[in-house]
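Residue strings, one per chain:
There are 4 protein chains.
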Amino acid sequence: MKEPTVSLIKDMLSSHPAGNSNVDMEALARCIESCFDCVQTCTACADACLSEDMLGDMVSCIRTDLDCAEVCAATGKVLARAGKDYASTVDLVRACAAACRRCAEECQQHASAHDHCRICAEACHRCAAACDALLLTISA
Amino acid sequence: MKEPTVSLIKDMLSSHPAGNSNVDMEALARCIESCFDCVQTCTACADACLSEDMLGDMVSCIRTDLDCAEVCAATGKVLARAGKDYASTVDLVRACAAACRRCAEECQQHASAHDHCRICAEACHRCAAACDALLLTISA
Amino acid sequence: MKEPTVSLIKDMLSSHPAGNSNVDMEALARCIESCFDCVQTCTACADACLSEDMLGDMVSCIRTDLDCAEVCAATGKVLARAGKDYASTVDLVRACAAACRRCAEECQQHASAHDHCRICAEACHRCAAACDALLLTISA
Amino acid sequence: MKEPTVSLIKDMLSSHPAGNSNVDMEALARCIESCFDCVQTCTACADACLSEDMLGDMVSCIRTDLDCAEVCAATGKVLARAGKDYASTVDLVRACAAACRRCAEECQQHASAHDHCRICAEACHRCAAACDALLLTISA
Chain A
1 MKEPTVSLIK DMLSSHPAGN SNVDMEALAR CIESCFDCVQ TCTACADACL
51 SEDMLGDMVS CIRTDLDCAE VCAATGKVLA RAGKDYASTV DLVRACAAAC
101 RRCAEECQQH ASAHDHCRIC AEACHRCAAA CDALLLTISA
Chain B
1 MKEPTVSLIK DMLSSHPAGN SNVDMEALAR CIESCFDCVQ TCTACADACL
51 SEDMLGDMVS CIRTDLDCAE VCAATGKVLA RAGKDYASTV DLVRACAAAC
101 RRCAEECQQH ASAHDHCRIC AEACHRCAAA CDALLLTISA
Chain C
1 MKEPTVSLIK DMLSSHPAGN SNVDMEALAR CIESCFDCVQ TCTACADACL
51 SEDMLGDMVS CIRTDLDCAE VCAATGKVLA RAGKDYASTV DLVRACAAAC
101 RRCAEECQQH ASAHDHCRIC AEACHRCAAA CDALLLTISA
Chain D
1 MKEPTVSLIK DMLSSHPAGN SNVDMEALAR CIESCFDCVQ TCTACADACL
51 SEDMLGDMVS CIRTDLDCAE VCAATGKVLA RAGKDYASTV DLVRACAAAC
101 RRCAEECQQH ASAHDHCRIC AEACHRCAAA CDALLLTISA
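Protein chains in written order, with the working numbering: chain A, 1 to 140; chain B, 1 to 140; chain C, 1 to 140; chain D, 1 to 140.
In case anyone wonders, no lab produced these hints; they're calculated from the structure.
Glycine is no exception: its CB is placed at the ideal position from the N, C-alpha and C atoms.
Some hints could be false.
[As the list claims (entries may be wrong)] Sample of chain C residues lacking proximity to chain A, with all beta carbon distances greater than 10 Å (derived):
1) Asp24
2) Arg63
3) Ala111
4) Leu136
[Said to hold, decoys possible] 25 Å max Cα-Cα, derived DMTMM-like pairs, lysine to aspartate or glutamate:
5) Lys10(D) x Asp85(C)
6) Lys84(A) x Asp57(D)
7) Lys84(C) x Glu122(B)
8) Lys10(B) x Asp115(B)
9) Lys10(D) x Glu122(D)
10) Lys10(D) x Asp57(D)
11) Lys84(D) x Glu105(D)
12) Lys84(C) x Asp85(D)
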């Protein structure tokens, strides 16, 4: 049975006239998608945290959420411009993985109490892993 | 048979402690996802256009792509903060729908020549429709 | 006596090879600068609010700050791409002015208690005025 | 004699209730401002390049401009949230400095032909230097 989900970004990368040889397209597509998943969950999680009763306990989570959303959005957009030499993206992708790990750890601490933190922690964890996987395929 | 695609943002919206009553959650989730699809296709399309042989013909497409990506990213993030009164988002969602329609029209002109423009036109068209659908559910 | 402040964006707009005839350059430069001032004050204000003792009172301010920063960043970047017909920016600039006015009103309520809200309210107010002024110069 | 230029972000940082001890405020304010200067010049430069006659020669410049604008915007916003431990920003600020240096080098190659590239190269160079200066003040 075929997978019904289409990957818009994979189709976009395939149709780019400058075929990219110094990065794995599968890993690249997965990383871009994970970045934008993270933008959405982190942005939504920060706002959900603002509505929690124990707001004082969520301040650190709101901050890591907002920073992670920012870095993931920039990384996702930079990675989606496929005409580049991806060696130039290594430091940004590393910074993104680090931001995601920080946010995953922070959200994980509230995961049993708040579903939005649990879902966000998982998305951040997946994005960090997708960044790591992409980095392994970028040849210098 | 169950739908295999999970909607991260729908799960995030459902777990928001402040249940939102002045907007339809299904339409909201679809609009947010469409916005981030558009960010990805427009960003990738602009870069693919930069690698086309007839670059001079693609300048207007690159510009509408970049502007559309910008407005969709902002709209997607504003909509993902669900603790708000959505009446305050009406003018932004309208501006987003207009940017998507402009970009869909521009990309459509190159759709037969370039697959990236065809895919991007479709994503922009879907996002404009998702914005329109959302606007209908926002009560003043 | 010479004006000591240099406007980077004004110099950039002047050096654009496609001279723009359907917008006033002075008003455009001022609006772009005001947008990026607002991005900075709103982002910083939201974070400062998160450190306030009476955090519960600042939730609405944090939300309007974050949304205003988002819309101003998108508007500033769209306006900085000067090769366009500015008639296409009217709805976005209106949405930006509205976001700035909402944020100015919200921040103004905390202006006597918190300097960051007072400064941010002023920046939002200036940006709303710069948007209004720009709109008057855009010919259809 | 009074300094005529006001620094909005310096005033915002001073009014933050959580005084930051592990970063130099002067270097932080300068870096944030330089980031947003760079967002403006890089965004405007990419668009000006699109209007140049020898468009084919500007493709690489447009790409580094757009990526630099993205990374600077994210870095500027992350740095403007002053309630954090700045040790967490080191990798992002390094990625930003690298993006600015790449863009400064690229723009410099067109500086004698295009004023927008010359001004943008200078802004990128200043931002890279401001990032380097900030990094020296962040204590682990």
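Verification of the hints:
no.	hint	in the structure
1	Asp24	holds (31 Å)
2	Arg63	violated (7 Å)
3	Ala111	holds (21 Å)
4	Leu136	holds (33 Å)
5	Lys10(D) x Asp85(C)	violated (36 Å)
6	Lys84(A) x Asp57(D)	holds (15 Å)
7	Lys84(C) x Glu122(B)	holds (23 Å)
8	Lys10(B) x Asp115(B)	violated (30 Å)
9	Lys10(D) x Glu122(D)	holds (22 Å)
10	Lys10(D) x Asp57(D)	violated (40 Å)
11	Lys84(D) x Glu105(D)	violated (32 Å)
12	Lys84(C) x Asp85(D)	violated (41 Å)
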